[in-house]
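Just so you know, the sequences run in chain order A and B.
With our numbering as the guide, the letters of the first sequence map in order to residues 1349 to 1645.
With our numbering as the guide, the letters of the second sequence map in order to residues 249 to 580.
It is possible that part of the hints are untrue.
To be verified - A partial selection of chain A residues facing chain B, derived with a Cβ cut-off under 10 Å:
| # | residue |
| --- | --- |
| 1 | TRP1406 |
| 2 | LEU1434 |
| 3 | PRO1439 |
| 4 | LEU1443 |
| 5 | ALA1450 |
| 6 | LEU1453 |
| 7 | LEU1458 |
| 8 | ALA1576 |
| 9 | GLN1613 |
| 10 | ALA1622 |
| 11 | LEU1625 |
| 12 | LEU1627 |
Calculated directly from the structure, the hints in this document are not laboratory data.
Ideal Cβ placement from N, Cα and C applies to all residues, glycine included.
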Amino acid sequence: MTVSWQTIADAVSLGGIYALMAVGIGLVFGVLRLVNFAYGQLIMSGAFALALAAQWNWPVWAGILLCFAVVLALSMLMDRLVFRPLREQSPAVMLVATFAVAFLLQSIALLWFGALGKIASSVAELNTPWVIGGVDIRKISVVAVAVTIACLAALQLLLTRMSVGLHMRAAALDFATSRMLGVRANRVIGSAVLVSGFLAAVVAVLLTVQFPLVTPSFALRDTIVVLAGVVLGGLNRPIAATLGGFTIGFASGFLGGALPTNQSQYLDSFLFAAVILVLLVRPNGLFTRHGGTAQRL
Amino acid sequence: MTGRLPQLAAPAVLVLGTAVLGQVASSATQVYFIEALVSVVIVVGLYIFIGNTGVLSFGHISFVALGAWTAGVLSVPTGEKPAFMPSLFGFLRHTTVGNVPSLLLAAVAGGVFALVVGLPLMRLTGLAAGIATFAVLEITNNILQYYEKIGPGQNTFSAVPETTGVWQAAVGALVAVGAAFVYQRSRFGRMLRAVREDAPAAAAAGISIYRQRLGAFVLSGVVAGFAGGLEVHLLPLSYRDLYLDLTFLTLAMLVIGGVSSLWGAVVGALAISALDSFFASAENGVGIPGGTLTVPSGTRVIVEGVLMALILIVRPSGLTGGREFSLRWLRR
Chain A
1349 MTVSWQTIAD
1359 AVSLGGIYAL
1369 MAVGIGLVFG
1379 VLRLVNFAYG
1389 QLIMSGAFAL
1399 ALAAQWNWPV
1409 WAGILLCFAV
1419 VLALSMLMDR
1429 LVFRPLREQS
1439 PAVMLVATFA
1449 VAFLLQSIAL
1459 LWFGALGKIA
1469 SSVAELNTPW
1479 VIGGVDIRKI
1489 SVVAVAVTIA
1499 CLAALQLLLT
1509 RMSVGLHMRA
1519 AALDFATSRM
1529 LGVRANRVIG
1539 SAVLVSGFLA
1549 AVVAVLLTVQ
1559 FPLVTPSFAL
1569 RDTIVVLAGV
1579 VLGGLNRPIA
1589 ATLGGFTIGF
1599 ASGFLGGALP
1609 TNQSQYLDSF
1619 LFAAVILVLL
1629 VRPNGLFTRH
1639 GGTAQRL
Chain B
249 MTGRLPQLAA
259 PAVLVLGTAV
269 LGQVASSATQ
279 VYFIEALVSV
289 VIVVGLYIFI
299 GNTGVLSFGH
309 ISFVALGAWT
319 AGVLSVPTGE
329 KPAFMPSLFG
339 FLRHTTVGNV
349 PSLLLAAVAG
359 GVFALVVGLP
369 LMRLTGLAAG
379 IATFAVLEIT
389 NNILQYYEKI
399 GPGQNTFSAV
409 PETTGVWQAA
419 VGALVAVGAA
429 FVYQRSRFGR
439 MLRAVREDAP
449 AAAAAGISIY
459 RQRLGAFVLS
469 GVVAGFAGGL
479 EVHLLPLSYR
489 DLYLDLTFLT
499 LAMLVIGGVS
509 SLWGAVVGAL
519 AISALDSFFA
529 SAENGVGIPG
539 GTLTVPSGTR
549 VIVEGVLMAL
559 ILIVRPSGLT
569 GGREFSLRWL
579 RR
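For reference, chain A alone in the conformation it holds in the complex (with noise of 0.2 Å):
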């Protein structure tokens, strides 16, 4: 087993946009009980955006306009045509309707785009390396990082200094009471959905500069060890999630880094195996506080 720096600088870049994400699924999941598991196909459909304008030679900037303006649209959209309706059902059913906002949007883009995808090709030079102290590291990595830490400093800043975000904690905590004291349970729930797909966005330019083949399947993977990050890491506190999505992203870059190839085939086998070990020993997560939310039978 050699380590590389490179491999090193990979897995914190990769924890980075992991983490992005899982703060994007923990705040929907806060104010709404609702796992997303479209989350992916937004970030899909953002990398398809940029994919888009680069095949129409648009300048850097717009490609990323584009891609905020379908990730935030598509977010709306799916807060008022399909949360809203099932606010008050059983996860049971949120669940499978985010099912099927995600297969919907996966086969609309099967169909347009075909299952060989599109390059984004948008910001490609980060992708070459910096040498520092005979060490290369790639530009992306660096920037990944930086924009990671850029987000979380805002989130906080959200969350801690401004009424909405107030408001989504209050919400996050009990919904019912925080109603009561005037909280407005549409807005608090929209400016979440936005949030989270603000984040989507900036995960859709990072990772396509990493990786420029933008297929229907694109993030699909990344969701689902997030998602598993993210209850590995607790999903009662925002902080709890988002350490937990580093780590998962830690884990994976390492260790796809790190492994001989006929092991690292089986790297999904090591890290879901990994997930389901520390939920047997905390089951509510590994960074909660106080034992986390009290244990239904």
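With chain A's structure known, arrange chain B on it following the hints.
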């Protein structure tokens, strides 16, 4: 018991009706009916666990996959195994069994796998249980894809005798429905439902939640493994067919039918299968009253996605409302 008989008879009649329709259908459309009956087996398998316990599982397609692998590897004629399974273990390479034994072994494999997985996992609940069963699906798919000593790896299961016809699938579906009915009427099924409705009260009354859930998990694993056997004898499968899409589709069938009743499981499986088959054939042009309907290819998945979401929004508790069939509905 007399008042309860319709609860078993109604799903059985639906299954038999599908089989009769499949028998008179042209050979080109017959496969749709067989597939619908196999979906009934899978969804009833899911229902035995999810319906009775109220705990979601994303892992059942792993039992279907293991059943398919077992029945598939064991029923390919010895001479044809090296063509697409060159590195099998010796005893798998030299053993070939008949159709019915292969299905029974598939059921056993599904049950044993469910027991092994369930022993640790049935201690979990809620989201942790959901993600842990998902992890089982990921691991199973990963191993079946790369471990070529136990199956075709990334190749497709060709050369499996295609023995799953209309009647075999119908008998399979009837067996699954019967097993689910007997189980849910037994004391074990009743104890589980008590847990589902009020877990602390049930535990206080002396019910071991862990043991009862494990029992349901194993029985549903048996049914799911059996379904995998039926499926591999129907179509040339590969590991890709036994993964996320099938997981989502079968869960959607169960939820759209109505999670908490056997009637709902059967209605959901048949309704979504009918929809799927209709659009699949409409993409090639289908005769409807007053002409031929042809829809552009790919419409199927989009219309299905929209319809599934719509049904959930209009009838969140499923087409049947999660209740068993009752003759009283007819009298009203």
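Hints, one by one, checked against the model:
1. TRP1406: With a minimum Cβ separation of about 27 Å from chain B (threshold 10 Å), the hint on A:TRP1406 is violated.
2. LEU1434: Because about 6 Å separates A:LEU1434 from the closest Cβ in chain B, which is inside the 10 Å limit, the hint holds.
3. PRO1439: Because about 8 Å separates A:PRO1439 from the closest Cβ in chain B, which is inside the 10 Å limit, the hint holds.
4. LEU1443: Hint on A:LEU1443: holds, closest Cβ of chain B at ~7 Å, below 10 Å.
5. ALA1450: With a minimum Cβ separation of about 8 Å from chain B (threshold 10 Å), the hint on A:ALA1450 holds.
6. LEU1453: This hint holds: A:LEU1453 lies near chain B, its Cβ roughly 8 Å from the closest one there, short of 10 Å.
7. LEU1458: holds, 7 Å
8. ALA1576: This interface hint holds because 5 Å falls under the 10 Å limit.
9. GLN1613: With a minimum Cβ separation of about 5 Å from chain B (threshold 10 Å), the hint on A:GLN1613 holds.
10. ALA1622: holds, 9 Å
11. LEU1625: holds, 9 Å
12. LEU1627: At 5 Å from the nearest chain B Cβ, A:LEU1627 passes the 10 Å test, so the hint holds.
Hint violations for this structure: number 1 only, all remaining hints satisfied.
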